[in-house]
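S.K.: Sequence:
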Amino acid sequence: MAKSNDKPGTTAENAKAFTTLSGVPLERIYTPADLATLDPEQHIGYPGAFPFTRGVYPTMYRGRLWTMRQYAGFGT
Numbered sequence: 488m489a490k491s492n493d494k495p496g497t498t499a500e501n502a503k504a505f506t507t508l509s510g511v512p513l514e515r516i517y518t519p520a521d522l523a524t525l526d527p528e529q530h531i532g533y534p535g536a537f538p539f540t541r542g543v544y545p546t547m548y549r550g551r552l553w554t555m556r557q558y559a560g561f562g563t
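Heads up: the sequence shown begins at 488 in the numbering used here, then just goes up one per residue.
Everything labelled a hint here was simulated from the structure, so no lab data went into it.
Hints should not be assumed to be uniformly reliable.
If you anchor each label on the Cβ, the simulated ranges turn out as follows [as the list claims (entries may be wrong)]:
1) 530 / 510: 33 to 41 Å
2) 503 / 528: 30 to 38 Å
3) 531 / 508: 33 to 41 Å
4) 502 / 533: 30 to 38 Å
5) 507 / 537: 20 to 28 Å
6) 517 / 537: 31 to 39 Å
Quick caveat: nothing in here was measured; it's all calculated off a predicted structure.
Quick reminder that beta carbons are idealized off the backbone N, C-alpha and C, glycines included.
Based on the sequences and whatever the hints tell you, model everything.
M.R.: As structure tokens, this is what we get:
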């Protein structure tokens with residue numbers, strides 16, 4: 488196992504509180520118990536179906552070797 492170069496108590500995991508960049512508080516870890524009021528069929532859906540939480544394709548990108556992307560404004 489590789490040794491960490493971080494000194495004890497200096498990693499982000501040791502923070503007392505976790506928040507997103509927008510300031511939304513986060514728990515240290517989420518478990519299935521946190522989803523007691525969630526109906527997966529209604530709130531998460533199926534792969535390739537609205538609300539597209541798992542991607543827009545049922546197989547995600549496993550059936551594609553790569554995807555083509557176009558960028559504007561990054562050229563010379």
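S.K.: Regarding residue 517 and residue 537, is the given constraint of 31 to 39 Å on their beta-carbon distance met?
M.R.: violated, 23 Å
S.K.: Between the beta carbons of residue 507 and residue 537, is the distance compatible with 20 to 28 Å?
M.R.: Distance hint for residue 507, residue 537 holds at roughly 24 Å.
S.K.: Does the beta carbon distance between residue 503 and residue 528 stay inside 30 to 38 Å, or does it fall outside?
M.R.: Holds, at about 36 Å.
S.K.: Look at the Cβ atoms of residue 531 and residue 508 and judge whether their distance stays inside 33 to 41 Å.
M.R.: Between residue 531 and residue 508, where Cβ atoms are some 23 Å apart, the hint is violated.
S.K.: Measuring from beta carbon to beta carbon, are residue 502 and residue 533 in 30 to 38 Å?
M.R.: 35 Å Cβ-Cβ, so the 30 to 38 Å window holds.
S.K.: Please check whether residue 530 and residue 510 have a Cβ separation lying inside 33 to 41 Å.
M.R.: Violated, since residue 530 and residue 510 (Cβ atoms, about 23 Å apart) do not stay within the stated range.
In terms of the numbered hints stated before, the structure departs from hints 1, 3 and 6, listed from lowest to highest.
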